[in-house]
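Colleague: Here's the letter readout for the chains.
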Amino acid sequence: MYSFEYHRPESIAQATALRAEAEDAIYLAGGQTLIPTLKQRLAAPSDVIDLSRVPGLAGIELKSDCVVIGAMTRHAEVAASAEVARAIPALAFLAGEIGDAQVRNRGTLGGSVANSDPSADYPAAVIGLGATIVTDRRRIAADDFFHDLFETALEAGELLTAIEFPIAKRAAYCKFPNPASRYAVVGVFAADFGGKVRVGVTGAGPCAFRATAIEAALGKKLDAKSVDAVEIEYDRFNSDLHASAEYRANLVRVMAKRAVEKLLTA
Amino acid sequence: MSDTGIGKSVKRREDLRFITGRGRYTDDVNRPNQVYAVFLRSPYPRARIVSIDASGADEVAGVIGVFTGKDLSADKIGDLPCGWMVKSKDGSDMKIAPHPPLAVEVVNYVGEPYGIVVAESLAAARDGAEVVATEFEELTPTVSVANATAGAQLHTNVPDNVCYLWELGDADATNAAFAAAAHVTKLTFSNNRLIPNAMEPRAAVASFDAATEEFTLVTTSQNPHLERLILSAFVQLAPEHKLRVIAPDVGGGFGSKIFVYAEETAVAWAARRVGRPVKWTADRSESFLADAHGRDHLTTAELALDGDGLFQGLRVRTRANLGAYLSTFASSVPTYLYGTLLAGQYRTPAIHVEVEGVYTNTAPVDAYRGAGRPEATYVVERLVETAARELKVDPAALRRRNFIAPDQFPYQTPVALEYDTGNYEASLAAALEKSDYANFAARKAASEQRGKRRGIGFSCYIEACGLAPSQLAIQLGAGVGLYESGEVRVNPTGNVTVFTGSHSHGQGHETTFAQVVSDKLGIPFENVEVVHGDTGRVEFGLGTYGSRSIAVGGSALVKATDKIIAKGKRIAAHMMDTNADSVDFSDGEFAARDSNQKLTFGEVAFAAYVPSNYPSSEEPGLSEKAFYDPKNFTFPAGTHIAEVEIDPETGVVDVVNFVAVDDFGRVINPMIVEGQVHGGIAQGIGQALLEHGIYDDGGQLITGSYMDYCMPRADDLPSFDVDMTVTPCTHNPLGVKGCGEAGAIGAPAAIMNAVTDALGVVDLPMPATPERVWRAARG
Amino acid sequence: MKVSLTVNGRRHDVDVAPNTLLVDVLRGRLGLTGTHVGCDTSQCGACTVHLDGRSVKSCTVLAAQVDGAAVTTIEGIGSPDALHPMQAAFRDCHALQCGFCTPGMIMSAIDLVQNVENLDERKVREGLEGNLCRCTGYHNIVKAVLNAAESM
Ligand SMILES: Cc1cc2nc3c(=O)[nH]c(=O)nc-3n(C[C@H](O)[C@H](O)[C@H](O)COP(=O)(O)OP(=O)(O)OC[C@H]3O[C@@H](n4cnc5c(N)ncnc54)[C@H](O)[C@@H]3O)c2cc1C
Ligand code: FES
Ligand code: FES
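Protein chains in written order, with the numbering used here: chain W, 1 to 266; chain A, 1 to 779; chain Z, 1 to 152.
Hint data in this document are derived by calculation from the structure and do not stem from the laboratory.
Nothing here was measured: the structure is a model prediction, and the numbers come from that model.
Watch out, some of these pointers could steer you wrong.
[Stated by the list, open to error] Distance condition first, Cα-Cα at most 27 Å in a straight line; then the derived DSSO-like pairs of lysine-lysine:
(1) K262(W) <-> K63(W)
(2) K563(A) <-> K625(A)
(3) K11(A) <-> K143(Z)
(4) K242(A) <-> K76(A)
(5) K8(A) <-> K143(Z)
(6) K196(W) <-> K225(W)
(7) K2(Z) <-> K39(W)
(8) K143(Z) <-> K434(A)
(9) K392(A) <-> K434(A)
(10) K262(W) <-> K123(Z)
(11) K434(A) <-> K123(Z)
Given only the sequences and the hints, what does the whole structure look like? Please build it.
Modeller: Written out as structure tokens, the structure reads:
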């Protein structure tokens, strides 16, 4: 790890100010992505701004039409949350599928979504539920948030503070984990908002996206078989030693079908 | 019988320190004033080192020095040797590529060390290494084993990159068998490259005492004496009596810590050079690049059968990847540890195998759990299973028809080995029963109902363990004898310190060896301490690999114990006024047959050290050494049956049942033996379904971390159903055979036979990854 | 920078560089070498300790982050004559061979038993996903955790 200055701000204003002042600062949330990156010497920030003591960034709040989860809320808290389990059980399930127990005890929602790893789980739910990303300066719709591999709508220094997940009538997440790393090779989050169906896909492409063709088919008939007729284009899908683009396309279909089956029996 | 004797599942005494965090592994060792080493490693699979400019590093605060291969050779540090000479079939010696510990002119694999940076802190060493400016001239690499002989030549003395073309068996007889065959089954397959991944990365802490000119090297070794021998006799680091090698607690080896590597060599050299203790611990990323890998074969194999389904001939052509250089035992693995096992459990009368060992620009390949024997088992058992399918006979029945029968032992195979004993039918029958083979069809049908495909696969393996009768081994090219040494030192108060040349890095010798010695001496288990892993304390040893510890090291201790008892009888006879022939020893007591006098073991031990009433013909003291040279290999064998269920939509293979029935001869501690089997099976399943060391065409290792190299995790595996049958080994005093590798040997073929059965395909390459299986399932 | 942390019930004030990992403080500064390092990509779990009662990979936590927190390592849960039930179960079930993964495995297993209800074999296997063992094939580890769950 290269050397850096460490800061532990105690307010959002302080955090963003530190970030703005430093030459090349970076926020530290749970550190489950950032610290391995630093250890490999793949990043050399001048300053690391630890968000763990910023008040108000962690926590889960159940509202009438959505669940608001603070950026610093750990995966394990979401997985174990009674509120989330009541409102959007699929989201609690998804959180419990991330990495392993130790990672879930540290990793945060904000870190995961801000990072936009192509094989991260949360982005599937953000897209699938049509969540709203709240930052220190604005609100961003899920559909506008993920831009590319590790690229999001967040501007330099913009701090993700919370995410509002609309409560679907029913929803389900199905993940095909990478056998080695356990990240998602493909993960599909399907949500039924009473007639309107959203399907978020992670793992398959450079970043999470809406599977609009599948949504359309499910919109006509909310049934796993509807997915069979959908042509899944995979020209822009990822291809690596664990899964070719073609195989990923198959997994998108299979995970989508399984998510629908699960959703229907939920 | 005591509850700590031979045959009892005694809880391990080493556990107490491990479960409380008090183990002492190499990286836990720190020396006063120590400095830290980081290696400069090649980013290229093949390149000429044009220049190394370390001036930048010298400016980094804390950097003490940057040393290269030239510094080592200026100090006359020799090449890393390969300890086994294999001859080609034309009688010529294998072609040995020069292997300097730190590359001097050319680097030949990604991760090959060519320099060492020594600094006050690890961070400073890393900073220093990062700013060393090395100019490389890239050369065309030869990466794939398939193209090895056609690719660019790595070493000037090795035309076509062929190290040897070795053969075993009778080619003419085998060809004749094929000419007369009623049926021939032929398969071409690879045996995937594996990366051992003991959980403790390799490490070394070396110090040099300028006053006595003695080196102390603490390192992660399975065989510290061999390490010392090689570093002295071949590498010329220091004379043997000036070099102490300590292998403290070692966190798993699986073969990868047998070998003498560049890193500990350079670290020891650097300790003298900088005059301070030097410490190095591998990052896992370094382990991936620079630990010796395993397997990596391409094979075409054919089995000839007559009209009755009897095996008549086996013809095997293998190309084995040796990597860029010959690691310590690399040459023997795909030859003597492979070709000799191709008879399997069968009476196949004619066998011929040809192995081409080739160099490629990849990390050296050497022994990894099973070493040659998993590859041989894979060949035989995939062929046999496939033949059964082709002939539409039950695979168990076909095997039975060809088994060497219990009354045929000792059995001379056509590939050099003489099996002493076995009962293959017994383990097969037990395994069939346990796996509920009779009802498999019903389970398969139930799976199909759920849209799944179920398959079952057998593997009736045999292995040769207990390496090895020295004369035979040396005849076959080994550079050392393969006996083992042991010492039983009875202390004046009657407790016992046992010194063994075997080394435990998970096998539990501190427990099992104490069981053996306490059982033989009839003294409490607690009174026996086992010392291993230190050339300064243990006289000599050849270490632990090839499932040899109990069969060879244990036998040496039995021999030493017998000498103790014999001397004890002479002392006791004197004390009881009789002659030694009239003294019986049992349960820790010497009893005079002609009177009712008795002496305890402790009393005799005390007399040996306080010799007042003592025979004048005896030296004082009660301590005996023994070297045990086995008369033959041991031949553990057994049947593994795997049952898998495949999700055809995703290609995921679920191992729903795994049965292993093994014959390890007599068992000292069943609990430990079962644990060994479990671990081996996990690695075997890992090979079949998950693990694969992959270099891309450009020679980069693309499975260089746990992100991509798929290690078996708890939820990838089922619980295993393990049992044993027993035919005692006929030629060692304990009747033991060894159990450390069986799981890794038997499992891959069982799993792949099950997967191919489920899919209804002839073959599928290992590992059977979800995508491969999905494609196969689609047809 | 100054970091004060409680380890196994004892408070320590250490002066570290900001880029120091928790595991390096434990092993290097405090001599608690029971916590091991088996990888450099945060995947093997050999370094698992409890941070304020929950399992974390101490190779993936900065020392600075634990300022004011309580850390428990393998050395802090029991001793040879007063073993934690999980330690005892590991020994009784032969759930370790080389012992290298063991401290991390035990720390994860304790968290698992404390936080997951109705443990069964499947849940134990999934719950230990973050800990690699190369020796045991996990068979006896699973057994040990289920046994310990009974007595904890
Ligand atoms: C072994 C292992 C397995 C894993 N498996 C999975 C998996 O299966 N699925 C999965 O989805 N993830 C997985 N992860 C990643 C894990 O979920 C991470 O926790 C997550 O990706 C990042 O969250 P973090 O809180 O740790 O963020 P950090 O690592 O602290 O930060 C990540 C990035 O986000 C930025 N950032 C953090 N918080 C904010 C914020 N509030 N506003 C703006 N920017 C911010 C940081 O500056 C940094 O660039 C795994 C990680 C490990 C180590
Ligand atoms: S050392 Fe491997 S996860 Fe921490
Ligand atoms: S006991 Fe050796 S790695 Fe688990």
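Colleague: Are the hints correct? Go through all of them and say.
Modeller: Tested hints:
The suggested pairing of K262(W) with K63(W) holds, with an alpha-carbon distance near 25 Å, which does not exceed 27 Å. Between K563(A) and K625(A) the CA atoms are separated by roughly 8 Å; this keeps the pair inside 27 Å, and the hint holds. Among the hinted pairs, K11(A) with K143(Z) is consistent with the structure: their alpha-carbon atoms are about 15 Å apart, no more than 27 Å. About 17 Å separates the Cα atoms of K242(A) and K76(A), which keeps this hinted pair within 27 Å; it holds.
Between K8(A) and K143(Z), the direct Cα distance comes to roughly 20 Å. Compliance with the 27 Å bound is thereby established for this hinted pair. With a C-alpha separation of about 17 Å, the suggested pair K196(W) and K225(W) falls inside the 27 Å cut-off, and the hint holds. Proximity of K2(Z) to K39(W) is assessed by CA-CA distance (about 21 Å); at most 27 Å being required, the pair is judged to hold. Distance hint between K143(Z) and K434(A) is fulfilled; the C-alpha atoms sit about 20 Å from each other, no more than 27 Å.
Distance check on the hinted pair: K392(A) and K434(A) sit about 24 Å apart at the alpha-carbon level, within 27 Å; holds. Distance restraint check for K262(W) and K123(Z): the Cα-Cα separation of roughly 20 Å lies within the 27 Å cut-off, and the hinted pair is therefore satisfied. Between K434(A) and K123(Z) the CA atoms are separated by roughly 26 Å; this keeps the pair inside 27 Å, and the hint holds.
When each numbered hint is compared with the structure, no violation occurs for any of them.
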